Amino acid sequence: MLSEDAMKHTVRILAAFVLTVLLAVAGCRQAPAPVPDVEARPVTSVPSTPTDAAWNDTPEHVAKMIPQDLVEPRLMTPSTAEVRVRALTDGKTVAFRLEWVDDTKSDLPGPAQMIDACAVQLPQRLEKEPPAPQMGEATKPVEVTYWRADWQATVNGRGDTIRDLYPNAAIDHYPFNAQSLTKGSPEQAEMAKRYAPARALGNARSGPRTTPVEDLAANGPGTLTSVPSRGSTGMGVYGKTGWSVVIVRTWPDGVASGQRTNVAFAVWQGSQREAGARKMRTGWIPLFTRGTP
Amino acid sequence: MARVYNWQLGREMSYWYPESRPQRQFAAVFDTNKCIACQTCTLACKTTWTSGKGQEYMLWNNVESKPYGSYPLTYDVKLLNMLEGQRWSGSKYTGQTIFESAPAGERVLGWRPEEQDYSYPNVGEDDCAGQVDHGALVTIPHMNWFFYLARICNHCTYPACLASCPRGSIYKRQEDGIVLVDQSRCRGYQECVRGCPYKKVFFNPMTGTSEKCIACYPKMEQGIQPQCFVNCIGKIRMAGYLSKPEQARPDNPIDYLVHVKKLALPLFPQYGLEPNVYYIPPIHAPLSFNEQLFGPGAGAAMKMYRTAATDMDLAGLLCLFGSSEMVMSKWRRQGEMVSGLDDKGAELVKVPLREPVHVRPGVDPKLQIIRTNCP
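Just so you know, the protein sequences line up as chains F and P, in that order. Here the first sequence is numbered in the numbering used here, starting from 1 and rising by one per residue. Here the second sequence is numbered in the numbering used here, starting from 1001 and rising by one per residue.
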């Protein structure tokens, strides 16, 4: 038997607990229920950051991911289980926000160092039968917009020197730093190119980057090729649980309001040594918008 | 995978692409017995090709002390451990190549060195294979051994880097068999770094692409040997072109050493890449070690090299090493003189088989002083 005082004390504790729970529930915003398709809600202007309030009321599609296991090299160990996707469109452009759990930030390139990244893929043409979801096919190309964490770091201000990657690196001399070359001169830039062949050849992969995204096209595995910019932009922020990335690109040609096309996503976790074909991907997911902004 | 013929294994094997040999194949012979590890080759390459940003750690050419030296760290023993059961039946390899033992989901059996593996470019330098007891006198043959192994890209007939690249960014030139990474197409997946068993492809973190030895193709196109060859102090190297075994020409110096005499042997032929840098094995290293590195022909090659001085042709050809910066497509010996010739048969260089010997008496009779060996 409890004494009267003990009874009162217990009741007070229970009341406080119930009140706390009620307050907590009342204070929480109800997360939108996941939706089966990717619906791009119309807005007057698409957000460029993943923290923009415009995302809060946008429906979220949770896309299950599978390892790329059709062509070698395959990803044999699954990593990212799902990517949470929200989309907004102003009728001309579409912004996707991709979020996934990643407990390691990988944005430093180097030998055996892979980079966190994600990509959005759309069919190049609206057709009854979409292309193969894995990089398209010979007669049915796909468009890809690709974001990388190391490019984001460069855009955020990381320098373009080896000491920005390895702060304690010892460097004797670079030929383009010879005293005979004026610093910052076209002659010096030309000399520097000779020692960076990929940059000299205009490889879009080879930076230094002014945007963290790249526009690409493919018509089958192994055919991914950089294309002239479609004006895509992006921004990624690494938070407590992983990455939140916005990719903004043109709304797919010929897809009217209410009409459906397809979209697919891919995620690479650098800490899992994922790059290129070693990735987690989704199949095609219906993409549509209702009405125009 | 396709079935291709690998003459170094004496059998067919599996490869990612069908057999497609170039019109002629860049090849080289390195005489390990003459290398003094001065690293002049390493520096010649470094200053020519890899002194840009992101290339700081790259050594397209390196020289490592065997048995302990390796760059990147343990590149050789790591894969040898992974590639179990390297069996030869005579000159036929009955074990598995790295293509045939590729795990599920992979194109080749490979591994990717970590950053730290590139941190010790000359680990094991001059370390011999065992302890020399305190107070021991040096005897001939030496009670312990080590030797220097100079390495560049092998410009393999069946490159694992090329097979590993899912984008087809690596190609083998039809005109000379030189293997190159297309810097406009590479996207830096590092699959080639993973796949190459010799670890001669390097990732450039500043450009985000992988880079490798190009066999100084702008020089080779002009009939001039690569930088690491012409700068070699020890004159251990000769660059040229190798024919298929059945088309070997004895007047081609590389064919003569590789196919006719079988003195120069491929490095780790058991991997299955048909590498095209050939080594005259070190005659003071144990046979078992040489066989692991150079295959079952190591014993006969060591024996031949020991008596090379008695073979006028062989000794003559070895005298041509380092005698000209030009590519010697042909050679001939006439008595005591050996000549290196170009494609058209024009003489590029002529060297004596034996240098004249001058003996200076220990005492200068005119000045009545004792000479010393010091300058």
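I should point out that these hints are in silico values taken from the structure, not numbers from a laboratory. Incorrect hints may appear among the rest.
To list a few chain F residues with every Cβ distance to chain P over 12 Å, as calculated [to be verified]:
1) A33
2) V101
3) P252
Covered stretches of chain P, as calculated for chain F (at least 3 residues, CB under 8 Å) [stated by the list, open to error]:
4) 1180–1192
5) 1207–1214
6) 1306–1316
Being a predicted model, the structure only gives us computed values, none of them experimental. Yeah, the Cβ is synthetic: ideal placement off N, Cα and C, and Gly gets one too.
Tested hints:
1. A33: holds (37 Å)
2. V101: Check passes; 24 Å lies beyond 12 Å.
3. P252: P252/F is indeed farther than 12 Å from all Cβ atoms of chain P, at 24 Å.
4. 1180–1192: n = 9 at 8 Å, threshold three: holds.
5. 1207–1214: With 4 residues close enough to chain F, the hint holds.
6. 1306–1316: violated (count 0)
Violation of the numbered hints given earlier is confined to hint 6; every other hint is satisfied by the structure.
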